[in-house]
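The listed protein sequences correspond, in order, to chains F, Y, C and D. Counting along the first sequence from 1, when you hit position 59 you're at 59 in this note's numbering, and nothing is skipped either side. Counting along the second sequence from 1, when you hit position 10 you're at 10 in this note's numbering, and nothing is skipped either side. Counting along the third sequence from 1, when you hit position 40 you're at 40 in this note's numbering, and nothing is skipped either side. Counting along the fourth sequence from 1, when you hit position 14 you're at 14 in this note's numbering, and nothing is skipped either side.
Treat the hints as calculated values from the structure; they're not laboratory data. Watch out, some of these pointers could steer you wrong.
Since the list can't tell identical chains apart, any single copy or any two copies may satisfy a pair.
[Said to hold, decoys possible] With a cut-off of at most 20 Å between alpha-carbon atoms, the simulated EDC-like pairs for lysine to aspartate or glutamate come out as follows:
(1) Lys93 <-> Glu57
(2) Lys37 <-> Asp51
(3) Lys72 <-> Glu33
(4) Lys60 <-> Glu33
(5) Lys60 <-> Asp50
Here the structure is a predicted model, which means the values were calculated and not measured.
There are 4 protein chains.
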Amino acid sequence: MAKMVVSLSVTPLGTGSTHLSSYVRAATEVLRELGVKYRTAAGFTDIELDDYATLAEILKRIEARLEAMGVKRLDYIIKIDRRMDQELTIEGKIAKVER
Amino acid sequence: MAKMVVSLSVTPLGTGSTHLSSYVRAATEVLRELGVKYRTAAGFTDIELDDYATLAEILKRIEARLEAMGVKRLDYIIKIDRRMDQELTIEGKIAKVER
Amino acid sequence: MAKMVVSLSVTPLGTGSTHLSSYVRAATEVLRELGVKYRTAAGFTDIELDDYATLAEILKRIEARLEAMGVKRLDYIIKIDRRMDQELTIEGKIAKVER
Amino acid sequence: MAKMVVSLSVTPLGTGSTHLSSYVRAATEVLRELGVKYRTAAGFTDIELDDYATLAEILKRIEARLEAMGVKRLDYIIKIDRRMDQELTIEGKIAKVER
Numbered sequence: 001m002a003k004m005v006v007s008l009s010v011t012p013l014g015t016g017s018t019h020l021s022s023y024v025r026a027a028t029e030v031l032r033e034l035g036v037k038y039r040t041a042a043g044f045t046d047i048e049l050d051d052y053a054t055l056a057e058i059l060k061r062i063e064a065r066l067e068a069m070g071v072k073r074l075d076y077i078i079k080i081d082r083r084m085d086q087e088l089t090i091e092g093k094i095a096k097v098e099r
Numbered sequence: 001m002a003k004m005v006v007s008l009s010v011t012p013l014g015t016g017s018t019h020l021s022s023y024v025r026a027a028t029e030v031l032r033e034l035g036v037k038y039r040t041a042a043g044f045t046d047i048e049l050d051d052y053a054t055l056a057e058i059l060k061r062i063e064a065r066l067e068a069m070g071v072k073r074l075d076y077i078i079k080i081d082r083r084m085d086q087e088l089t090i091e092g093k094i095a096k097v098e099r
Numbered sequence: 001m002a003k004m005v006v007s008l009s010v011t012p013l014g015t016g017s018t019h020l021s022s023y024v025r026a027a028t029e030v031l032r033e034l035g036v037k038y039r040t041a042a043g044f045t046d047i048e049l050d051d052y053a054t055l056a057e058i059l060k061r062i063e064a065r066l067e068a069m070g071v072k073r074l075d076y077i078i079k080i081d082r083r084m085d086q087e088l089t090i091e092g093k094i095a096k097v098e099r
Numbered sequence: 001m002a003k004m005v006v007s008l009s010v011t012p013l014g015t016g017s018t019h020l021s022s023y024v025r026a027a028t029e030v031l032r033e034l035g036v037k038y039r040t041a042a043g044f045t046d047i048e049l050d051d052y053a054t055l056a057e058i059l060k061r062i063e064a065r066l067e068a069m070g071v072k073r074l075d076y077i078i079k080i081d082r083r084m085d086q087e088l089t090i091e092g093k094i095a096k097v098e099r
């Protein structure tokens, strides 16, 4: 259970190749290292989080990882679903739609 | 295989309740009726499409469905990943990140 | 007055340079040619539209323009604010927030 | 000059009215109080920032403000344009597209 579900997409710009999955894998490694609960989808990775400071830490670490791979510019697209009235889970959100 | 993967989120506004999954289920029904390939995630639904006109048709039908449920305002958030150099699949995109 | 305000961002991927404004200018030219009302912001371009088919036409034409410039992959990020209860304008939305 | 331009949209969910500008004005007040440079557009507010921690602080304060207004659930949509190779300004990004 978490206070928010964050859907995150990172796109390196100007890399010279249309093949970008190595960068997305590097970003996913950061999530694994931090031990946050996540689930990969095609356009975004859903992440269960309890506060915005952890999101900021994730963004900072992914940037550092991609910069070490030679990336000079990147776009993040983020959707945050924050409920104050009840806790959320990634699987719970999906189950409610699919039932 | 498809020319683009579209990640789609629909949010009804001003409904008076924080429980929105019935609206998202109605939107997913439209995808099933149209026979497009899709996969539900927590923040977005990924859809394989070959042209923008089909996306426009999806948006129009979801709006009509939600309006019939009493919705007076809605937000769509859409990310389109369009490759001209090779075809895409939802599962292929996920597999490349997870391997 | 329009039925929806669409906030649109287009990002060419794999271009080999972090300088992307020539592509965004080309996309803006498409809006001018189509005669739709728009306003440029830093992250997105706001556009007043009355139907999803016109949005599909815009996306198709921008893709063609960028492909002619050598782009092999692109991301669109789109937010649609659609009100069924009253018509919208870009300036009206901004004025309500700034007053 | 800033290290990133963040385009931010906040949407309160389940408020019972389609009129949401009072909430967006409250969010803009937070930006003014923090003294960050911003510019209102129709779909998003562009903000010049130097680090992700300040973004986290903004998100936390806007949530608190909206919760005090009775909001029980909210969506943030965020696009971050981060350049490591040169600094950015909101006005510079717009000028490059419009020239």
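The hints, checked one at a time:
1. Within a single copy, Lys93 and Glu57 get their C-alpha atoms no closer than 24 Å, and across copies no closer than 25 Å, so neither meets the 20 Å cut-off.
2. Proximity of Lys37 and Asp51 under a CA criterion of 20 Å is satisfied intra-copy only: 13 Å inside one chain copy versus 24 Å between copies.
3. In the homo-oligomer, the alpha carbons of Lys72 and Glu33 never lie at most 20 Å apart, since the shortest distance is 23 Å inside one protomer and 32 Å across protomers.
4. Taking the shortest Cα distances, Lys60 and Glu33 sit within 20 Å of each other inside one copy (14 Å), while across copies they are farther apart (25 Å).
5. For the homomeric pair Lys60 and Asp50, the shortest alpha-carbon distances inside one copy (17 Å) and between copies (11 Å) are both at most 20 Å.
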